[in-house]
Amino acid sequence: MMKWIHNINLLGLGVLVLLPMSLIAQDVSVSGKVTDSAGDALPGVNVLIDESGSGTITNNEGEYQLEAPSDGTLVFSYVGFEQQRIAINGSNTIDVVLQESTAELDDLVVMGYSERGLREISSSVASIDAEDLQDVTTSNTTSLLQGKASGVYMSSTSGSPGSTPEVRIRGAGSITAGSDPLYVIDGVIAGSGGAFDVNMLNPRDVESVTVLKDASATSLYGSRASNGVIVITTKQAKPGTSNIDISTTLGVSNRSNGNFEVMNSAQNYEYHDLMGDPNLDNSWLDRDTDWQDLAFDQGVLQEYQVSVSAGNDRTRYYISGNYFNEEGTLISDELERFSGRLNLTHQVNDRFNLITSLSGSYTDNVNNPTGALYQSYNNLPWDEPYREDGSIRTGNESNWLGRDNSNFLYPLQYNASNSRRHYIAGSVRGEFNIFDWLYVSSTNRATINNYRAESNADRRTSAGSTNNGELNNSYDYSSSFISSNLIHANRDFGDHSLSGLAGFEYQRSYSDGINGTGIGIEPNLEILNVTAEPLTIGGYKYESEFFSALSQLEYNYRDTYFGTISYRLDGSSRFGVDNRYGNFYSIGGSWLVSNEEFINNFEAIDLLRIRGSYGTSGNAGIGNYEHFGLYSYTVQYAGNPGAVPTRIANPELTWEIAKQANIGIDLEIFERIEFSTDIYQQTNDDLLLAVVLPATAGFSSRTENVGSVRNRGFEFELTTQNILGDFNWTTDFNISFNNNEVINLHEGEDILAGNQRIMEGYDKNTWYMRKWMGVDPETGAPLWEVLTRDDDGDVVDRDVTNNYSEATQQPVGTATPDFSGGIRNRFSYKGLSLNTFFTFTYGNDVYHSARQLFDSDGAYPGYNQMVLKDDWSRWQQSGDDATHPRAVYGGNQNSNSPSSRYLEDGSYLRLQNISLSYNLSPDVLSQFGFRTLRVFASGDNLVTFTGFSGMDPEAGVESGTAGTKYPISRKLLFGIEVGL
Amino acid sequence: MKNLQKRIILIVTGTLLLIGCDLNNAPYDGQGEEAALESFEGIQAATYGNYHRLVGDGYYSYNRSLFQMGEYPADNVSLSGTTTDPLFLAYNYNHTPNMGNASTIWSGAYQLIYGTNRVIEEVETGQSAEQDQLVGENKLLRALAHFHLVTFFARPYTQDPNGLGVPIKTNSDPEELLPRSSVSEVYDFLVNELEDAADLMNLEKPNSYASKEVAYGLLSRIHLYMGENEEAIDYANRVINSGRYELFSSDNLENYFRLPNESNEETIFAIRHTQDDDKGYGNIGSMYYTSPSGMGWGEMYASESYRNLLDEYPEDERHGFLEPRYETDDNGNPITDDNGDPIVAKRNGYPVWYVLKFSYQEDIASLSSPVILRLSEMYLNRAEANAKLDNDQDAIDDVNLIRQRAGLSGDALYSTGDLKGRDTVLDVVLEERRLELAFEAHRKFDIFRNDRELERDYPGTHLNPSNPGVNMEEETQVIAPDHPRVVFFIPENEITLNPNLEQNP
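Residue numbers (the working numbering), protein chains in the order written: chain B, 1 to 980; chain V, 1001 to 1505.
Be aware that a few hints might be false.
[What the hints assert, rightly or not] A short, non-exhaustive set of chain V residues, derived as facing chain B with CB atoms under 7 Å: (1) Y1028; (2) Q1031; (3) W1106; (4) E1265; (5) T1274; (6) Q1275; (7) M1295; (8) N1308; (9) N1333; (10) D1457; (11) S1466; (12) N1493; (13) N1498; (14) P1499.
[To be verified] Sample of chain B residues lacking proximity to chain V, with all beta carbon distances greater than 10 Å (derived): (15) S572; (16) M773; (17) A937.
[What the hints assert, rightly or not] Covered stretches of chain B, going by a simulated chain V footprint (3 or more residues, C-beta under 8 Å): (18) 139 to 153; (19) 330 to 343; (20) 542 to 551; (21) 590 to 603; (22) 629 to 636; (23) 749 to 757; (24) 827 to 840.
Quick caveat, the hints were computed from the structure, so don't treat them as lab data. Being a predicted model, the structure only gives us computed values, none of them experimental. Just so it is clear, CB atoms sit at the ideal spot from N, CA and C, and this is done for glycine as well.
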């Protein structure tokens, strides 16, 4: 029980001053000095009188003084050190040496509104610290989470630098409304989905990430918390330190081709020969262009970070500057970013604390302005990109063979598409102590986001030819303001401890923008002022507001029995006048069994806790004005302003509500094995659903509160210290199983979602297509299944057909994985450490839609085709038992129309990161004036094991569709980190 | 301490009350559905909005589907390759129940109908000529949308008036799940509606908008489609005799479609496109033409059979609507054959014959305002009706009028005694309709409503063994007038959403 943290700083970044109060007679004055094992003074250590909970903190010299009952006990606690309890026994001087604790950091969990010792937690959370987070090198904080926390599933839809993967916590319970988690940064709501771009946060500034999963943890965020909450804490200096950290990372990235290969000239020739292409000409064989090689190139990645952190007992700061530059593997695709942060806290006086933060970033994006990605898959090897004299062909030559008549290299010479973004966030938090057990806080954050994009279509290119050159500029501005004002209380009554908070929050988001296109522009000019005339002009404004009142009460008895209840009232301008406010509550409890006397009989058990919670949270992830019946004036006819009805009013529209129950067990045994498991069920009711209307209604859909979706799951986390000593080996493993089921829908009606269909009793992301039944061995024709149903809808007969229209659409799989997770192994010997991290996903079906083009049995002779996988075969003659139909010039009976033919197993196991690093020993370093020095070599996404036929099995969480994807890149990186 | 506590509680509750607001935010891009229609200006804007529905939004816009699905299933065009675009299925008759272009028409038409219903419900007639005009325009647009639906999704009236038509939607109730009315019910509705509209519209509106003559023009076509020939003639006459329109001049004929609506004396009604409506590769003209600098897909060409028909008279000015692409070397210079003649370029082996009826409005390659009604059609409606009433001379006269305008004269003209090998006067008229109105979404309907076979005995990607009616040995595709795919499937989503809808066989 030595690691037990009693009552860590209640809030945010940390130091809560609890004033000494003369409550009890016979107090004595106690003073002393707190040092670490090396004898250095520790400022900022919490010194608490155990009985009253009041106390003080040590000053810059590590000294403290307080009045305490002579028979009392002092508790010394400090982040990163073992807690100590010392009985006063009437003495006036107590000096303390605190022992450093390596495990302690992991045990402190930032819950957003509060910070909790791991053992106080009644809810289901996953916490990841900086070291584990920052193994991969990316500009995107979200990407860092992949595979590292149970219950969190991610899938990227693009390998372009800066692209954000889709994130789902415990599955998606919403259908129309957003399923993105809510982000909380340094204790305040930042936003979710489109409202907040996590790209703006420099991953290197992140100290820890906590994922809040169950209702007891999330319900304080009532509004918008139904998709889970990701709490990000940025770095802060420790008192008494003065550190400079410098790091450099350099590397290269290459596209990961996976199992995919396009045909070369000879292969494609054979294929055309097979389909009987009447135009086939063997002179084409003289040419063999590899369009993939032309479209992709090795990218260079570089990152530099400098940070300074320093502080004393009153003032602490963390300042960082970062430069990040990543070239995509696609040509002409680059992200460059400068970012900086200042986190400053200051204790103004005994009662007042000020905690401020200012961060900003400048991002510059160069985007490929051409169809390079698409063409890299589809252009024919028989078309050459260059003329004999080396100049670039347009693709519009009369002898160009490819169907799209396009050579992306040509417009790439003249066209550009660039964007840049400025982002600034500033926050001020004040904490004012009224009593030693009561304080108020006010946290206020404002953000400003400016985005500018410009693109041109040069008049020499086909896109720009029509209007003699085009130039488009757009400006987007958005701002947000949030104010969170709370009263916090914390008081012990003997064995009983009570704490709570109450207050209100207000949030306003605003955005506006304009865009314009000018036409008639000379090459190489790039401002609208030089265009001859305007073509289009557009603009918009949006705003939304939230208002919330919240409260939470926590109780514990002897640090063994814990209970939490919370209540929150939320109002949003997004809902109808009649129904703006929603109520959310939760109740949770935990029993720290290992604190009971009887458990002492079981020496092996270091920690055993049982947790349970139930509660509700909400989702407002819809457009800003969905309740508002609208005539939109965004159209014109013959130059006259026109109005079209675009939305039917729904004054009753209100919150989507998620009800979640969670039971969990945490166990630590033999001081080596930590184990945690959770079972949960979340049911989203009153779904915000775009109810599809028949066309005769005049609108495609109306947003209503109908339907419910249930997610049930099981999560398992295990950390083992396999070998301890000079050679160390630890393993972290997590796995999550989630089962999704649509419980009910608007009048039981299915919702059509492209190749998926949302149906009662099925997984939300169920593929609903014609079922592929292979190839007719006699004719090589495609076959699909036809179902005959009786009047009750039961299938009475199954047959096959080669007529696509006759085939029956039916459920053929889901885009939802059975399970996903990650496993990390860390080996270290003295200063050397090797870290491997695998992520895995199993059991999801990916629709490989691009095969409709490049695996199409002759339907697109003007497109290059993929090389058939080893276990695939093409029908060639009667009797062939083949996977692929006969190739027919112009197509074989719609064989390439959407069907389960292109549905593939998306399971994969990926070595997401492997890194080898060496920490020079402090003894050596100190001679050169260094604090730390680490060098490392690291590889991201080096190996992926999958049966998927495309470049990359990740295809987005819900769409599950792989088109002509921008594949993720394999990165090789080298870095050095120096601490001064 | 007590005071401080009180103060803080006061401040907190005070702020709560201040901010505890109604959270009322209204969108910036429009007005509430009630407020929008309160004024005459609002009604006017809503009417412009309804016209905008004919233009449509995005790449797969309403007017694009309208002109592709109306024209591609006929014999004037030849597709030179395969494509992911569902226009492919409209062209080759391999329809599927989930074709995007059919959904565009079905949903787009009912969206337009909803918009018109809102105006018609909201505005009382008889208050002012201006308001009546707007109600009339909305009624006309409502009829036009129903007409599009009934021609695409129901079999021709002349084949079976009692067959399945389309739902007639005349209110703004979103909950109603309408069944399909019969074809004759829909046509009766159209006739009543357009007669009403004609009575209401008494202002002379330019040809980008509906007017009395537009109503008469549509009535002429609709009666013709119903086989009511006297009425077809009557309404054609009303347009012709209105004096508002005259045939475009012969010597400038190739520029007909390059003029904006208001400068064109022949056009009765066209869907006005401004530069703001230029959808680049999504324009109708894009499939028909690639500009020298590469704008446009240029994949759908004038068919060999159409070109052969046109080539019977090389002096026919209507050659101006076609343009071959010639082979060029890498420097853009034409390649010539042994005789020094330029060689027509081929795409996938098919000669590239561009169609120019949807390009170069105001000199912009990708811009055009597709024509819905023009005076030539009125003469040809009258001709067809007269031919069916055995008024051969009247029919021949109108055909010759159109031929003369095309620059033909003398031997190139017909007489009742010289049908130049055509079997009947009706054949002459239908052939002239084909020549004159080619690519303007008439041909398909002209063939099938007259119970004729579509024969595509020319090269193109329709000649694929998996397409209906294809005979690879004879290199032809024949679609009989009773073929089920003469009409499109109703989008299968709609069948799911509305159990009262019956799918086409």
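For which of the previously enumerated hints does the structure constitute a violation, in increasing order of number? Numbers 4, 8, 9, 10, 14, 15, 18, 19, 21 and 24 - these are the hints that the structure violates, sorted from lowest upward.
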